[in-house]
Amino acid sequence: MAKFPEAEERLLNKLICMKCGARNAPKAVRCRKCNSKDLRPKSRGAK
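No gaps in the numbering here: position 29 of the sequence shown is 25 in my numbering, and each next residue is one more.
Just so you know, the hints here were simulated from the structure itself, not pulled from any lab data. In this text the structure is predicted, and so the values were computed from the model without any measurement. Among the hints, erroneous ones may be present.
With a straight-line cut-off of 25 Å between C-alpha atoms, the simulated DMTMM-like cross-links for lysine to aspartate or glutamate are [what the hints assert, rightly or not]: (1) K23 with E5; (2) K29 with E5; (3) K15 with E5; (4) K10 with D34; (5) K15 with D34; (6) K38 with E2; (7) K23 with D34; (8) K15 with E2; (9) K38 with E4; (10) K38 with E5; (11) K(-1) with D34; (12) K23 with E2.
Model the full structure from these sequences, guided by the hints.
Structure follows, in structure tokens:
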């Protein structure tokens, strides 16, 4: 995905809201857009 491990970590170290799809901070408890608690880690994709 990214050329450098640091960049890849920054891109993938996020939480995604299952309700609205917004990207959230890694330490978030609720979505910043819709206030839902249904968050999942960003998927790493196929390698």
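Do the hints match the structure? See the list:
1. The suggested pairing of K23 with E5 holds, with an alpha-carbon distance near 15 Å, which does not exceed 25 Å.
2. At roughly 23 Å between alpha-carbon atoms, K29 and E5 fall within 25 Å of each other, so this suggested pair holds.
3. With a C-alpha separation of about 24 Å, the suggested pairing of K15 with E5 holds against the 25 Å cut-off.
4. A C-alpha spacing of about 14 Å is found between K10 and D34, which places the hinted pair at or below 25 Å, so the restraint holds.
5. For the proposed pair K15 and D34, the alpha carbon gap of about 7 Å is at most 25 Å, so the pair holds.
6. A threshold of 25 Å between alpha carbons decides the hint, and for K38 with E2 the separation of about 16 Å falls inside it, so the pair holds.
7. The suggested pairing of K23 with D34 holds, with an alpha-carbon distance near 13 Å, which does not exceed 25 Å.
8. Under the criterion of a C-alpha separation no larger than 25 Å, the hint pairing K15 with E2 is inconsistent with the structure, at around 29 Å.
9. Our distance criterion of 25 Å between C-alpha atoms is met by K38 and E4, whose separation comes to about 12 Å.
10. Of the pairs offered as hints, the one joining K38 and E5 holds, with about 11 Å between alpha carbons and a cut-off of 25 Å not exceeded.
11. Between K(-1) and D34 the CA atoms are separated by roughly 31 Å; this puts the pair beyond 25 Å, and the hint is violated.
12. Distance restraint check for K23 and E2: the Cα-Cα separation of roughly 18 Å lies within the 25 Å cut-off, and the hinted pair is therefore satisfied.
The structure fails to meet hints 8 and 11 from the earlier list, while all remaining hints are met.
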